[in-house]
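Chains A and Y, in that order, give the protein sequences. Converting from the first sequence to this note's numbering requires adding 384 to each position, the first position being numbered 1. Converting from the second sequence to this note's numbering requires adding 384 to each position, the first position being numbered 1.
Check the hints yourself; a few may be wrong.
Identical copies carry no separate label here, and so any pair may be met within one copy or between two of them.
No more than 30 Å apart at the CA atoms, straight line, and that leaves these computed lysine-lysine pairs for DSSO-like [as the list claims (entries may be wrong)]:
(1) LYS551 <-> LYS681
(2) LYS479 <-> LYS681
(3) LYS585 <-> LYS458
(4) LYS572 <-> LYS461
(5) LYS463 <-> LYS572
(6) LYS621 <-> LYS585
(7) LYS442 <-> LYS410
Worth flagging that the hints you see were computed from the coordinates, not collected in a lab.
2 protein chains.
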Amino acid sequence: MNIGLDMMGGDFSPLEAVRGVQLYLKGTTAPATLFLIGDETKINPLLQEYAIPAASVKVIHAPQVIEMNEHPTKALKEKQQSSISVGFHLLATGKMDAFISAGNTGAMLVGALFSLKPIEGIQRPTICTILPKTSGGTGVLLDVGLNSDCKPENLNQFAILGSLYAKHILGIDNPRVGLLNIGEEEGKGNILAQAAYPLLKDNSQIHFIGNVEGRDLLIDKADVTVCEGFTGNVILKMAESLFDISREKKIQSEYFDQFDFELYGGTPLLGVTKPVIIGHGISHSKAFLNMIVLSQKMIQTDLLGKMKESFLS
Amino acid sequence: MNIGLDMMGGDFSPLEAVRGVQLYLKGTTAPATLFLIGDETKINPLLQEYAIPAASVKVIHAPQVIEMNEHPTKALKEKQQSSISVGFHLLATGKMDAFISAGNTGAMLVGALFSLKPIEGIQRPTICTILPKTSGGTGVLLDVGLNSDCKPENLNQFAILGSLYAKHILGIDNPRVGLLNIGEEEGKGNILAQAAYPLLKDNSQIHFIGNVEGRDLLIDKADVTVCEGFTGNVILKMAESLFDISREKKIQSEYFDQFDFELYGGTPLLGVTKPVIIGHGISHSKAFLNMIVLSQKMIQTDLLGKMKESFLS
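So that you can see chain A by itself, here it is in the shape it has in the complex (with noise of 0.2 Å):
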């Protein structure tokens, strides 16, 4: 199993990369290879300085950096040699099984839609998060900001894509799908809400439970909540900000320390071929261990072949 990560992308890279490999090697028995990709003059000195295995990683020198801020189509084209450019193509020809990196989000994305395929019958793949429940469980919401305008297939789709990784990464067993929504009852919502209601209770591959409202999000109501990517941006950040807020005002609570978004790692891309998974720009050393852990999850319990199954029909 190769994982690859890009050690140039993020604000503390590549030395929180490193230390987020390193923090990984040490606590898994049975590593994955890593494909460490970047400018080899600055990732070598650093794997030497944290005393990296050498057996267990392999560095990939690309010399060129997508930056934070570059158009993303632009820079793929011209930066062919950037980290992001040489895993996507690592990835797509099949040298790695999974691609990580917390560097240019566009970027990634384009990089993922263009060099990858969508899984065959998927009309839009998706980014989900992670939201934490007052019960301790987490819940998966999604679409988080990839699709701002949606179908009501869209989020029918969605609903399948959460389902499996609720049930393959989450291990919940039948996972509860809710619609978000201004109202408890069918037919309430805006025109893409009333419309998806009847998909998502006619899709025989979920298990649908109504719709959910903005004080469900945080309850153990729904395991999976879909929605349009606009809404669910906004969800994402407020929850986001809701573990600066807990920092900022010194409040001391496990349940918020659940919000840190260093626990989840980062962002997978669902609906592609291959597991790709987009980090935030601040990731520390947790971060990237927590991707290289959900990625080898990825490939391990075979997520990407049960969703390519469940869209065959």
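Fit chain Y to the given chain A structure using the hints.
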């Protein structure tokens, strides 16, 4: 100044409404005359019990009650002697200057839209909420659920209504208006946000500061945040749930204490010709008190007159 209060609306009425009236009359030097609308056989004994001075209130007998789960249009038609129907009649005919209810939200909205006119020039009335900021101030978010699908011009009008509310009710000079979006730069977002941005930018009646994101909702960035009512309602209910969570988790935090909706009383309906305030079903005395205070302020500042002027041209 006559302020009408539906004594039968809400889960804890008329008792909590009477207790709210008591708090108001005790704490105000020049109180408005309160029209207490509802079943006099239930109200009068409570007024006596709580020693409400007869000079400050006028009981308006309304023998019927629209229950929380009744169909709004049907209930308003069939129960013309209900407290909500009687209240809107008194408001529309000029006998009262404001109307408050914690009863059936749908009936309040339908009643307001049918018995009152929208302010000339306003396409869609809206409801707003207060969001507490970590810096100590408060912001206005609108729409929070009345308009789940919007056109760009609706958001532009909400920006004007929200700015006037922030200025005259919250006392914020030159309030900063943000467009809720999923990225900072112009051109980001869904079709609605992309189309609303240039309208807001060209609107000389507001102080537009550009896009704001989910992470900015609770910090001191915009004083007024505009969005369609779907996303706004999800945020509102998620924010309300934070108060419940902070109680459940026994989190000691002055900041999260500010998420107690009773502090803000209720949701004003903006864009109709008279002040209408809709309370939460589970309102207690503090919420009733604050709804009375808010409606008094809306009358005293002639907020509605200012809104009418703004849309004259």
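Consistency of the hints with the structure:
1. LYS551 <-> LYS681: within (12 Å within a copy, 53 Å between copies)
2. LYS479 <-> LYS681: Only inside one copy: LYS479 and LYS681 sit 18 Å apart there, 68 Å across copies, limit 30 Å.
3. LYS585 <-> LYS458: Close across copies (28 Å), not inside one copy (42 Å); limit 30 Å.
4. LYS572 <-> LYS461: between (45 Å within a copy, 22 Å between copies)
5. LYS463 <-> LYS572: between (48 Å within a copy, 24 Å between copies)
6. LYS621 <-> LYS585: Answer is both: 29 Å inside a copy and 24 Å across each meet the 30 Å cutoff.
7. LYS442 <-> LYS410: For LYS442 and LYS410, the Cα distance is within 30 Å only inside one copy (17 Å; across copies 76 Å).
Consistency with the previously given hints is maintained throughout, with no hint failing.
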